[in-house]
Amino acid sequence: MTVQSDVYVIILITIILAAAIILLSKKFDQADPLEKPKGILVPILWAVQTVYGTVKDNVGENYAKRLTPYVLVLWVYIFVSNIISLFGFSSPTANLSVTLLLAFLTWLMIQVVELKYQGIGGYLHGFLEPIPVMLPMNIFGKFSTMVSMSLRLFGNILCGGIMMQLIYSFCQFISNKLVGLVVGSNIQAFNFIAPILAPLLHAYFDLFAGFIQTLVFVTLTIVLIGNDIPEDVKKA
Amino acid sequence: MDITRGLIAIGAGLAVCAGMMTGLGEGTCAAHACDAIGKNPEAESKIRSTMILGIALSETVAIYGLLVSILLMFVFN
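Quick mapping for you: the protein sequence lines, in order, are chains R and Y.
By our numbering, the letter at position 35 of the first sequence is numbered 35, and the numbering carries on one by one without gaps.
By our numbering, the letter at position 67 of the second sequence is numbered 67, and the numbering carries on one by one without gaps.
If you are wondering where the hints come from, they were derived from the structure by calculation, not from laboratory data.
Some clues are possibly wrong.
Okay, derived cross-link-like pairs now, BS3-like style, lysine-lysine, Cα gap no bigger than 25 Å in a straight line [as the list claims (entries may be wrong)]: (1) R/Lys142 to R/Lys177; (2) R/Lys56 to Y/Lys46; (3) R/Lys65 to Y/Lys46; (4) R/Lys235 to R/Lys56; (5) Y/Lys46 to R/Lys234; (6) R/Lys26 to R/Lys142; (7) R/Lys26 to R/Lys65; (8) R/Lys27 to R/Lys38; (9) R/Lys235 to Y/Lys46; (10) R/Lys177 to R/Lys65; (11) R/Lys235 to R/Lys177.
Predicted model, so just to flag it, every value in this text is computed and none were measured.
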């Protein structure tokens, strides 16, 4: 049995994030709630409050406290996974197993909320809407949320990686040709074009696309869960 | 054998063309969201989440095209 090299990166990131979260929560426990927060606690408090506000707008006060930790973990985990390719590792989110699991958790929450507010009868009746012939389409439609959410993140991050590889090999090709023109033979030259071209594209494909995809995944999670909660529950 | 690989490459390229119209549609969606925010700035957060939902749903088509292309390249090669 062979182990994919992605698995080591996934385990490494999980351990580092878990250690960081445990250390930070210890720091929060020791801090005095009556004093002004200082140091590393300030940006984290800001992040928690911002995410809590967004979650509260969409799912209401009742669920915001329970959903915010999950959304925060999604933010941190997906964003760190997306930008880890800047450091030469392969992104865990370029592995369908990881994104499928994340999408499955979100999908499970959506189903639980639907079951809770529509009842088992209403949930099953939803498959026959608007006409009973639509049953197969509705069954596929239920699962399409999970499939499309996981494939969106997976496809975007994988594509960024493939594009960067293509650009690196293209730069290698151009440098070989340029040096070959001077020296006059086919040699394996130093890839001197890549250091000029690559940083800008890394900033786009890794940082920008990674951030946008994290935002999309998290927003979709919040909005899709919030859609199934009735308005009067949100207001209460 | 060689012509098969060539045809697979052409098919993979054609599959990615699913992204053409998706790009147009997403751009239109974002443009209309900008219009809506200009008309109604206090509803910005609602417009943003609706826009992201719409963009993400229409992006699915492009992602499926990409998936077909990746499958053609790495599975059937």
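Structure-based check of each hint:
The suggested pairing of R/Lys142 with R/Lys177 is violated, with an alpha-carbon distance near 53 Å, which exceeds 25 Å. Between R/Lys56 and Y/Lys46 the CA atoms are separated by roughly 12 Å; this keeps the pair inside 25 Å, and the hint holds. Between R/Lys65 and Y/Lys46 the alpha-carbon distance is near 20 Å, which keeps this suggested pair within the 25 Å criterion. Between R/Lys235 and R/Lys56 the CA atoms are separated by roughly 10 Å; this keeps the pair inside 25 Å, and the hint holds.
Restraint check for Y/Lys46 and R/Lys234: the C-alpha separation of about 15 Å stays at or below 25 Å, so the hint holds. Restraint check: the Cα-Cα separation between R/Lys26 and R/Lys142 comes to about 41 Å, which exceeds 25 Å; the hinted pair is violated. Taking the CA atoms of R/Lys26 and R/Lys65, the gap is about 20 Å. The hint holds against a cut of 25 Å. For the suggested pair R/Lys27 and R/Lys38, the alpha carbons sit about 11 Å apart, so the restraint of at most 25 Å is met.
Proximity of R/Lys235 to Y/Lys46 is assessed by CA-CA distance (about 16 Å); at most 25 Å being required, the pair is judged to hold. For the given pair, R/Lys177 sits about 60 Å from R/Lys65 by alpha-carbon distance, which is inconsistent with the 25 Å threshold. Annotation: proposed proximity of R/Lys235 to R/Lys177 is violated, straight-line Cα distance about 66 Å (limit 25 Å).
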